[in-house]
Amino acid sequence: MRIIKGNKEEQLTPGEFSKLLKSFDEVVIDLGTGDGRFTYAKAREVANTLVIGIDPSHTQLKTYSKKANRDKLENVLFVVGAVENLPNELAGVATQVFINFPWGSLLGGIAQADPKVISAISKLVDKKGSLEITFGYSQEAEPSETKRLGLDLLNKEMIETKVIPEFKKNLLQLERFTQMTKDDIFEIDSSWAKKLSFGQSRDIFKLSFKK
4 MRIIKGNKEE
14 QLTPGEFSKL
24 LKSFDEVVID
34 LGTGDGRFTY
44 AKAREVANTL
54 VIGIDPSHTQ
64 LKTYSKKANR
74 DKLENVLFVV
84 GAVENLPNEL
94 AGVATQVFIN
104 FPWGSLLGGI
114 AQADPKVISA
124 ISKLVDKKGS
134 LEITFGYSQE
144 AEPSETKRLG
154 LDLLNKEMIE
164 TKVIPEFKKN
174 LLQLERFTQM
184 TKDDIFEIDS
194 SWAKKLSFGQ
204 SRDIFKLSFK
214 K
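Counted the way my numbering counts, the sequence shown spans residues 4 to 214.
Hints in this document: simulated from the structure, not taken from any laboratory.
Don't take every hint at face value.
Unchecked claim - For lysine-lysine, the following BS3-like pairs were computed, each having C-alpha atoms within a straight-line distance of at most 30 Å: (1) Lys-185 <-> Lys-150; (2) Lys-65 <-> Lys-209; (3) Lys-75 <-> Lys-65; (4) Lys-171 <-> Lys-209; (5) Lys-11 <-> Lys-70; (6) Lys-150 <-> Lys-171; (7) Lys-171 <-> Lys-159; (8) Lys-131 <-> Lys-150; (9) Lys-130 <-> Lys-25; (10) Lys-150 <-> Lys-22; (11) Lys-159 <-> Lys-70; (12) Lys-185 <-> Lys-25; (13) Lys-70 <-> Lys-25; (14) Lys-8 <-> Lys-69; (15) Lys-185 <-> Lys-11; (16) Lys-70 <-> Lys-22; (17) Lys-213 <-> Lys-131; (18) Lys-75 <-> Lys-159; (19) Lys-165 <-> Lys-150; (20) Lys-130 <-> Lys-11; (21) Lys-131 <-> Lys-119; (22) Lys-150 <-> Lys-75; (23) Lys-8 <-> Lys-150; (24) Lys-75 <-> Lys-119.
To be verified - Distance windows between CB atoms, simulated: (25) Trp-106 <-> Ser-211: 29 to 35 Å; (26) Asn-72 <-> Ser-122: 29 to 35 Å; (27) Lys-75 <-> Glu-160: 47 to 53 Å; (28) Arg-73 <-> Lys-159: 23 to 29 Å; (29) Lys-75 <-> Asn-158: 17 to 23 Å.
C-beta atoms are modelled at their ideal positions from N, C-alpha and C, and glycine is treated no differently.
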């Protein structure tokens, strides 16, 4: 498993990861963490929980990995990876999985209800775990990205008829489905949330699932 520790990239063996897991009561995964702000903030909140931030960009991960190093946070791990090739060691370890404002292939996989992407996400969640997804996009605000990913118009009906059923197939039952206000978005401790709360208006939805 490729990890970012401070300013450096290192390898964490399956044995080392297994030993690390035994030191904590629970595991939280922040998939598509970006610069790692949400992962870092969550790790500061929950001392007995291992918080794992995953993102394909090792450069972005360094931002809050360096902060975590300076603060000597022992319960945080920044992993280089994408939803298409998640480390096998992460299967079924997470009590909670968060996906906040996904982008690129992760956004495309969720919005298009790609069976492979949704299966990969589901496999992270343990047998009694939960999944929370906060996502949205706009053809007006992100025309090139929505066109590149081939995204349909985002609305409540599309999510109910296309996205939610695919998660249900993967044993994730919907517990809550809400449309978020700008105030709700601002409360999420991520860099992208802060930008969105002051930026161009767009529909943002939150989906909460339970296994």
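For each hint, the structure was consulted:
Only pairs whose Cα atoms come within 30 Å are accepted, and Lys-185 paired with Lys-150 is accepted, the gap being roughly 25 Å. For the hint linking Lys-65 to Lys-209, the alpha-carbon distance of about 27 Å falls within 30 Å, and the restraint holds. A threshold of 30 Å between alpha carbons decides the hint, and for Lys-75 with Lys-65 the separation of about 15 Å falls inside it, so the pair holds. Taking the CA atoms of Lys-171 and Lys-209, the gap is about 16 Å. The hint holds against a cut of 30 Å.
For the hint pairing Lys-11 with Lys-70, the CA-to-CA distance comes to about 13 Å; that is within 30 Å, so the pair holds. A threshold of 30 Å between alpha carbons decides the hint, and for Lys-150 with Lys-171 the separation of about 27 Å falls inside it, so the pair holds. Under the criterion of a C-alpha separation no larger than 30 Å, the hint pairing Lys-171 with Lys-159 is consistent with the structure, at around 17 Å. Simply put, Lys-131 and Lys-150 have alpha-carbon atoms about 37 Å apart, too far for the 30 Å limit, and the pair is violated.
Under the criterion of a C-alpha separation no larger than 30 Å, the hint pairing Lys-130 with Lys-25 is consistent with the structure, at around 18 Å. Only pairs whose Cα atoms come within 30 Å are accepted, and Lys-150 paired with Lys-22 is rejected, the gap being roughly 44 Å. Note on Lys-159 and Lys-70: the hinted pairing is violated, with a Cα-Cα distance of about 38 Å set against a maximum of 30 Å. Annotation: proposed proximity of Lys-185 to Lys-25 is violated, straight-line Cα distance about 39 Å (limit 30 Å).
At roughly 24 Å between alpha-carbon atoms, Lys-70 and Lys-25 fall within 30 Å of each other, so this suggested pair holds. Proximity of Lys-8 to Lys-69 is assessed by CA-CA distance (about 7 Å); at most 30 Å being required, the pair is judged to hold. Of the supplied pair hints, the one linking Lys-185 and Lys-11 is violated, its CA atoms being roughly 36 Å apart against a limit of 30 Å. For the suggested pair Lys-70 and Lys-22, the alpha carbons sit about 24 Å apart, so the restraint of at most 30 Å is met.
Restraint check: the Cα-Cα separation between Lys-213 and Lys-131 comes to about 7 Å, which is no more than 30 Å; the hinted pair holds. As the CA atoms of Lys-75 and Lys-159 are separated by approximately 42 Å, the hinted pair breaks the 30 Å bound. Only pairs whose Cα atoms come within 30 Å are accepted, and Lys-165 paired with Lys-150 is accepted, the gap being roughly 19 Å. Under the criterion of a C-alpha separation no larger than 30 Å, the hint pairing Lys-130 with Lys-11 is inconsistent with the structure, at around 34 Å.
Distance check on the hinted pair: Lys-131 and Lys-119 sit about 21 Å apart at the alpha-carbon level, within 30 Å; holds. The hinted pair formed by Lys-150 and Lys-75 fails the criterion: a straight-line CA distance of about 42 Å is larger than 30 Å. Taking the CA atoms of Lys-8 and Lys-150, the gap is near 35 Å; set against the 30 Å cutoff, the hint is violated. Pair hint Lys-75 plus Lys-119 does not hold up; C-alpha atoms about 37 Å apart against a cutoff of 30 Å.
A C-beta distance of roughly 21 Å is found between Trp-106 and Ser-211, which places it outside the suggested range of 29 to 35 Å. Taking 29 to 35 Å as the suggested C-beta distance range, the pair Asn-72 and Ser-122 conforms, at roughly 34 Å. For Lys-75 and Glu-160, the Cβ-Cβ distance of about 48 Å falls inside the hinted range of 47 to 53 Å, so the restraint holds. Distance hint for Arg-73 and Lys-159: a CB-CB separation of about 43 Å, inconsistent with the stated range 23 to 29 Å.
Look at Lys-75 against Asn-158: about 45 Å separates their beta carbons, and that is not inside 17 to 23 Å.
Violation of the numbered hints given earlier is confined to hints 8, 10, 11, 12, 15, 18, 20, 22, 23, 24, 25, 28, 29; the remaining hints are satisfied by the structure.
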